[in-house]
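Chemist: Order-wise, the sequence lines are chains A and B.
Those letters in the first sequence? Residues 1 to 356, per my numbering, in order.
Those letters in the second sequence? Residues 1 to 721, per my numbering, in order.
Hints are supplied without guarantee of correctness; some may be wrong.
[As the list claims (entries may be wrong)] Some chain B residues close to chain A (C-beta under 7 Å, calculated; not the full set):
no.	residue
1	Val677
2	Glu696
3	Gly697
4	Ala698
No lab work stands behind these hints: they were computed from the structure.
Remember, predicted model here, so these are calculated numbers, not experimental data.
Note that CB positions come from ideal geometry on N, CA and C, so glycine has one too.
As a plain string of letters, each chain reads:
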Amino acid sequence: MKFSLFFEMQISRPTRSLEAKTFHECVEQAILADRLGYHGIWEVEHHGLLEYSHSSAPEIFLSFVAARTERLRLGHGVTLLPFRYNHPIRIAERIAALDILSNGRVDWGSGKSSSLVEQHAFENDLATLHDQWLEAVEMIPRMWSADVFTHRGRFFNIPPTQIIPKPIQQPHPPMFAACSKPESAKHVGQLGLGALNFAFGTDDFLALKVRDYRSAVGGAKPVGRSVNNHFACTPATLVLEDDRKACAYGLRGARFFLESLHTYYLGRDRPVGELSVSRDFLPDAALEEAMRQRNAAGSQVANIVGDPVCARETVQRFVDIGVDELILVMQMGTVPHELIIDSIRTFAEKVMPHFS
Amino acid sequence: MVEKLGGIGVHPIGARPNQLILAVPTRKNPHAEGPGATGGQQIPNAVSHDDAVGDRHAQAFRGDDEQIRIRFGMENVVARDQRCVRRRVENFQAVAGAVTLPTGGNGPADPGTGENAEQLLGSGKRSHLSDATQVAFAVRLLHARGFLGTDSVADFARQRVDEQTTAHAHPAMNTPRGQANPGLFERLLPREHVLIDAVDQRPIEVENKREVGRAHQQQVSTIVGRSNQRTEYAAAHRRFVRSPLRPCAFCWSATYFALRSDRRGRSVLKIAVTGGSGQLGTLLLRRLAVDREVKQVLSIDLRPPMVASGKVTHAERDIRDPDLAALFEGYDVVVHLAFVVTRYLRRSLFDDINIRGSENVFDAAARAGISHLVCASSIAAYGVVPGHPVPIVETTPRRYQEEFPYAAAKFKVEELLDAVENNQPRMLVTRMRPSILVGRYMDHPFGRAMRRRIFPGRNAHLVWDQDVADAFALAIKKRIAGAFNLSADPVPRLDEAARQLGMRVLKFKTRLSRAGLLAAVMVRQGLSRLGVGEGMDPAWVKYGRVPMVISSERARTILGWKPICTTTADVLRRFVTEVPRRLDRRIRASMSLVRWASLFQPQVAELRGVAARVHLCLTGPGGGDYSLEVADGRLRIGSRPPRPPTGVMIMDAQLWLDLLAGRVDLASAQFTGRIRVEGDPFGGFLLGGILAQLREGAAAPGARGRLARAFSAWLAAGGRT
Chain A
1 MKFSLFFEMQ
11 ISRPTRSLEA
21 KTFHECVEQA
31 ILADRLGYHG
41 IWEVEHHGLL
51 EYSHSSAPEI
61 FLSFVAARTE
71 RLRLGHGVTL
81 LPFRYNHPIR
91 IAERIAALDI
101 LSNGRVDWGS
111 GKSSSLVEQH
121 AFENDLATLH
131 DQWLEAVEMI
141 PRMWSADVFT
151 HRGRFFNIPP
161 TQIIPKPIQQ
171 PHPPMFAACS
181 KPESAKHVGQ
191 LGLGALNFAF
201 GTDDFLALKV
211 RDYRSAVGGA
221 KPVGRSVNNH
231 FACTPATLVL
241 EDDRKACAYG
251 LRGARFFLES
261 LHTYYLGRDR
271 PVGELSVSRD
281 FLPDAALEEA
291 MRQRNAAGSQ
301 VANIVGDPVC
311 ARETVQRFVD
321 IGVDELILVM
331 QMGTVPHELI
341 IDSIRTFAEK
351 VMPHFS
Chain B
1 MVEKLGGIGV
11 HPIGARPNQL
21 ILAVPTRKNP
31 HAEGPGATGG
41 QQIPNAVSHD
51 DAVGDRHAQA
61 FRGDDEQIRI
71 RFGMENVVAR
81 DQRCVRRRVE
91 NFQAVAGAVT
101 LPTGGNGPAD
111 PGTGENAEQL
121 LGSGKRSHLS
131 DATQVAFAVR
141 LLHARGFLGT
151 DSVADFARQR
161 VDEQTTAHAH
171 PAMNTPRGQA
181 NPGLFERLLP
191 REHVLIDAVD
201 QRPIEVENKR
211 EVGRAHQQQV
221 STIVGRSNQR
231 TEYAAAHRRF
241 VRSPLRPCAF
251 CWSATYFALR
261 SDRRGRSVLK
271 IAVTGGSGQL
281 GTLLLRRLAV
291 DREVKQVLSI
301 DLRPPMVASG
311 KVTHAERDIR
321 DPDLAALFEG
331 YDVVVHLAFV
341 VTRYLRRSLF
351 DDINIRGSEN
361 VFDAAARAGI
371 SHLVCASSIA
381 AYGVVPGHPV
391 PIVETTPRRY
401 QEEFPYAAAK
411 FKVEELLDAV
421 ENNQPRMLVT
431 RMRPSILVGR
441 YMDHPFGRAM
451 RRRIFPGRNA
461 HLVWDQDVAD
471 AFALAIKKRI
481 AGAFNLSADP
491 VPRLDEAARQ
501 LGMRVLKFKT
511 RLSRAGLLAA
521 VMVRQGLSRL
531 GVGEGMDPAW
541 VKYGRVPMVI
551 SSERARTILG
561 WKPICTTTAD
571 VLRRFVTEVP
581 RRLDRRIRAS
591 MSLVRWASLF
601 QPQVAELRGV
611 AARVHLCLTG
621 PGGGDYSLEV
631 ADGRLRIGSR
641 PPRPPTGVMI
651 MDAQLWLDLL
661 AGRVDLASAQ
671 FTGRIRVEGD
681 PFGGFLLGGI
691 LAQLREGAAA
701 PGARGRLARA
711 FSAWLAAGGR
721 T
């Protein structure tokens, strides 16, 4: 089982200085992860989602971290492929450049965005988003392998061009794609891509999803030059020695995460200003009930919060399900930086060794 | 004294004061039994403490006659201690009852453990470990040496943990928190790493007893201690370590966990259920789906199930299908629930489906080599006739009641089960005899009357359907065969209890009223014979009046059945509080609004390519069922649960009102388990979307916003009544 960190750059009630501070704190967290032996970090790309994610230039962050780390894998979770966000050639070039400068440590995930806020900000044609993604995800690996690239498709008509530089990893950095809807893991598997899975459910449901993915990957027609059989999940995480404290802060953060996600992803509007989501701790009775429910039979396997003992149990559930990588979302809004650092340390010392 | 422990001769050879010596033979011992007994791992000679009277430790050492001896020391032979000794012997009996000797001469499972334990035990020094620690050591030593199988020891240790966490011996578990969560111990302790006295982590030179005690306590408090529970458990444990006689729950837990790590993630049972889409089947499927030891559940029914789970698959077959054996291939358990109960059918068709169908299922199970058959019989199998003894127990002779088709069919099915038991000695056969199942999804006229809060004053033979599903699950997990009555205990004035709960009681006291009821039922039956609608079999009305007193004691003692509703009054009470009568009007209004709005929505980009059928199950007063179906990029709201659903969301109706009002957020409702999710959690996104859009509507400007805010205010006024 591999353990990585997820960076959304969530900030509750951001001010300019707080925002800047958060960027530096995230760098610090990533460097600590490198020191402690985490597998990698994953950085998202969102635009205009105030409070939910301030990470709109992931390539800058990843380059900055690459320069100051040695072994950490640098993952894009994800880059947005519809051309109004990023032209595919620019993505191919940036990924290759980062791959060179980081000595072959890039993992490349792609997606098409889900929030109306960013979709409308870039004036996307909503009906063709999926097709744009599909065309780009087929083009980009060819740009890395072909000396002279040319493409004629629905959205692009590119004359013969030499796309440089080329990435170091052969045949190219491992490719992933975001899956959040039902059945999307299967589609992603059919294309031979790794699955970055953002929603869970119960153990048996996730296990079924993994099984479906594995069988899809088994018969894959890959869009890249290699098949990446890899299933990753992103649980909200906070692991501290003090069980109750970890649950209090962790569940508050997870709730902030979920609520702001719902606001941006499920509403019809494009909210402006601070979100009207709860930022308080859960009341005592609810907190205790939630603590009891963590690994109860039939509970959803979504949050790894608590002390190392409980965390091990939840991680074990993921292991039993057959997940390859857990991308831990520790950096959640309302969780203080000191606790995140503490959690990164505690997890590395008390939980990771049991699953190596 | 014990003579045989599961095929291995055990001889009490000790006759010293205060000491009990059990000998478990090794391979070289000619008295060893069992094929392929390959023990043979010798424990080096340890110094025995012949003069260790008063020193309590368990030693495993090799005696002269090639036997491994385990000696338990005791301080004084007093009555209390004798019980203790007896318990230890029983402990070993229980373990050895499932002893498996390893074949092929496998090495010790955990040499580290064996060595260190031996070092301590053989060190010749005094050790002051608690009783259970000693037994735990001995057991683990035997396991490490391959004399005891992993499964048997793990099971045994698990039982000890259960016993100790529910017994009075552990004061911490008598706290409300402890009692509310018997799995607390299990959750507290690490799965893969052994909490035990420092010995297992490193060899320890025991100079004085304090060292061991302190190291043990330190381990306990770091692993067990939690901010609120630290003091309780640590204190409880300290009391145990000091107490001479009380077993230490943590050490057994340690043994359990050390061995359970071998079984991690290994789910074992594959279960086929006929009639899985019915009232009882749905509950049983739901229960089995969340059990980690169940690998797969196959539901065989004419309609798809109402349960969504990665483990549940569905085969649309009639139980008279000749190919059932092929379906059952590879399964461990067959649960036969499929039966026509109240619906009126021509007698020949009724018997064909029920009797010949059941026979077909049993045949298929036998041909496919099923190891456990569980069948739903009924108290009607005794014959709904007067003259039964009071109470009716499982051995009461059954009477054939020809004129009541349902009872006659159940009688015949029980005869078929008797034949199966005779012809298939290796198949476990369990038969459950419940009375009338009361619950949320009762698909017959009695159930429909109950939902309208009308109680036909006679039926006293009731049982809560969830309790019956629990009993089935117990029998399956524990692999227990036999017959079990499942009925709630009757109360003298059930009609009074019903009236107090606000139900209307129809007594049908006069012959005229009874005749009228019968006539009404027969009219419906007649219509159904002509092909118009479905009618109830009038025999239920004619023969339902006979009082029968059923005893469910056997289920309680042998299965460990703990029904939520122990008396029929409890059943009615639970029914009234849990089963909704009528959908809350605010909920109905809000869902109608969503339904109306979604009709005018264009295709939603996020829903493109998504196919989902979510069952929103609202429980409690004001509840009901909704289906949220996504197809062609659109959301459609329906009022019947989808079959099969891709996901199920179960929550209290009042919680849905709180969510609509914004008093509770969806995230914490999920974290605290107030919303149960089955299958695809995409339903959570749909609900979140509905809530988000209602909120946005309220924030809109102009008249639309004002209207939306007024509506929201009205919604918010709901609930909490």
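Chemist: Now tell me if each hint is right for this structure.
Modeler: Checked hints:
1. Val677: 6 Å, holds
2. Glu696: With a closest approach of 5 Å, the B/Glu696 hint holds.
3. Gly697: Since chain A brings no Cβ nearer than about 9 Å to B/Gly697, farther than 7 Å, the hint is violated.
4. Ala698: Since chain A brings no Cβ nearer than about 11 Å to B/Ala698, farther than 7 Å, the hint is violated.
Checked against the numbered hints given earlier, the structure breaks hints 3, 4 and satisfies all the rest.
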